[in-house]
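Chemist: From first to last, the protein sequence lines are chains E and C. full-length UniProt numbering numbers the first residue of the first sequence as 1 and each following residue consecutively. full-length UniProt numbering numbers the first residue of the second sequence as 1 and each following residue consecutively.
I should point out that these hints are in silico values taken from the structure, not numbers from a laboratory. Remember, it's a predicted structure, so these values are computed and weren't measured experimentally. Idealized CB from N, CA, C, for every residue including glycine. Keep in mind that a hint or two might mislead.
Stated by the list, open to error - Distance windows between CB atoms, simulated: (1) E:5 x C:113: 31 to 41 Å; (2) C:129 x E:37: 39 to 49 Å; (3) E:130 x C:150: 28 to 38 Å; (4) E:136 x C:129: 18 to 28 Å; (5) C:145 x E:145: 51 to 61 Å; (6) E:11 x C:15: 40 to 50 Å; (7) E:11 x C:5: 55 to 65 Å; (8) C:140 x E:141: 31 to 41 Å; (9) E:108 x C:151: 55 to 65 Å; (10) C:145 x E:36: 41 to 51 Å; (11) C:129 x E:47: 20 to 30 Å.
Protein chains: 2
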Amino acid sequence: MTHWPLPLPMHRALAAAKAAAGLGEVPIGAVIVKHGQVIAEAHNAPRTDHDPTAHAEILAIRRAAQALGDERLTECELWVTLEPCAMCAGAIVHARIARLYYAASDPKGGAVEHGARVFEQPQCLHRPEVYAGIGEAQAAELLRAFFRERR
Amino acid sequence: MTHWPLPLPMHRALAAAKAAAGLGEVPIGAVIVKHGQVIAEAHNAPRTDHDPTAHAEILAIRRAAQALGDERLTECELWVTLEPCAMCAGAIVHARIARLYYAASDPKGGAVEHGARVFEQPQCLHRPEVYAGIGEAQAAELLRAFFRERR
C-alpha cells in the first residue's frame with residue numbers, strides 16, 4: 001500500500017511532539033509556516049515551563065509573532081498534531097492565522113469540531129481555513145504510546 | 001447614594017487596566033489572589049509585546065504559575081475587568097483557577113456567558129465558580145473612554 005507523503009510542516013510537528021514525550025510532556029507539536037518557510041516550531045511544555053498556557057500552538061504563535069515583530073500572523077499557516085483546545089483556538093483567532101492543519105481529532109479536549117467550536121460562534125472575529133486528518137495515524141499513535149507507558 | 005466598596009483585587013485590576021490605556025493597549029487588567037495575597041497582576045499588552053496571546057488573564061496566569069513553580073493554580077482566584085474570551089477561559093480551565101470574578105460582560109468577545117461558553121461545555125475538565133458584575137461600571141467606562149478617544 002502506498003501512503004501519500006506527509007507535508008514537511010506536519011513531519012516537523014510530529015518530530016516536535018516526539019521530543020515533548022522524551023521530556024515527559026504530552027506529545028503535541030506545532031509549526032508555523034509563512035510563504036512556504038517555517039518561522040516557528042514548538043512542543044507542549046506546561047510541566048517543564050510551569051506554565052498552564054504552554055501548549056504547542058501558544059508557544060509557536062508567540063515565537064512566530066516575536067520573529068515577525070507583529071501581533072498578527074496574517075498569511076501564516078499553523079500545523080499541529082492535535083485538534084486545538086478552546087485556549088489555542090482562541091489564540092488562533094487573535095493571531096489571525098490564515099490556515100489551520102491538524103492531525104488527530106480530540107473529542108475530549110478539542111474545540112474546533114467538538115465542544116466550544118470556537119470558529120463556529122457567530123461573534124468569532126476571524127475564521128481560519130481548517131484542514132483535519134493530515135498525519136492523524138502517526139499523531140494518535142504517539143499519544144497512545146505516551147499514555148500506555150504511564151498507566 | 002452609598003456604593004458598596006470594591007474588593008481590593010478588583011481595585012488593582014482596574015488600576016492595571018488604566019495603565020494599559022496609557023500605553024495604547026485596550027484597558028483590561030487582571031489580578032491573581034491566593035489565600036488573600038495578590039501573587040500576580042497584569043494588563044493587556046499584545047501590541048507592546050508583539051504577542052497575540054498577551055491578554056491580561058494569560059499574563060497574570062503565567063506570572064502566578066512562575067511565582068508558585070507549578071502549572072496548576074489550585075485555590076487561586078482570578079479577578080479581571082472584562083469577561084474572558086475563549087482563549088482566556090480555556091487557560092483558566094488548564095490552570096484550575098478556583099474562582100473567577102469579572103467586572104464587565106463582553107457580548108462581542110466574551111466566552112463565559114456568551115459565544116463559546118467554555119465552562120458550560122460537557123467535556124470541560126474544570127469549572128471555576130464565577131462571579132460577574134463587580135466593578136462593572138468602572139471597567140466599562142474605561143473601555144468606552146479608550147475607544148471614544150480613538151474614533
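Chemist: Would you mind marking each hint as holding or not holding in the structure?
Modeler: Each hint, compared with the structure:
no.: 1; hint: E:5 x C:113: 31 to 41 Å; result: violated (46 Å)
no.: 2; hint: C:129 x E:37: 39 to 49 Å; result: holds (46 Å)
no.: 3; hint: E:130 x C:150: 28 to 38 Å; result: holds (32 Å)
no.: 4; hint: E:136 x C:129: 18 to 28 Å; result: violated (38 Å)
no.: 5; hint: C:145 x E:145: 51 to 61 Å; result: holds (54 Å)
no.: 6; hint: E:11 x C:15: 40 to 50 Å; result: holds (48 Å)
no.: 7; hint: E:11 x C:5: 55 to 65 Å; result: holds (58 Å)
no.: 8; hint: C:140 x E:141: 31 to 41 Å; result: violated (50 Å)
no.: 9; hint: E:108 x C:151: 55 to 65 Å; result: violated (44 Å)
no.: 10; hint: C:145 x E:36: 41 to 51 Å; result: holds (44 Å)
no.: 11; hint: C:129 x E:47: 20 to 30 Å; result: holds (26 Å)
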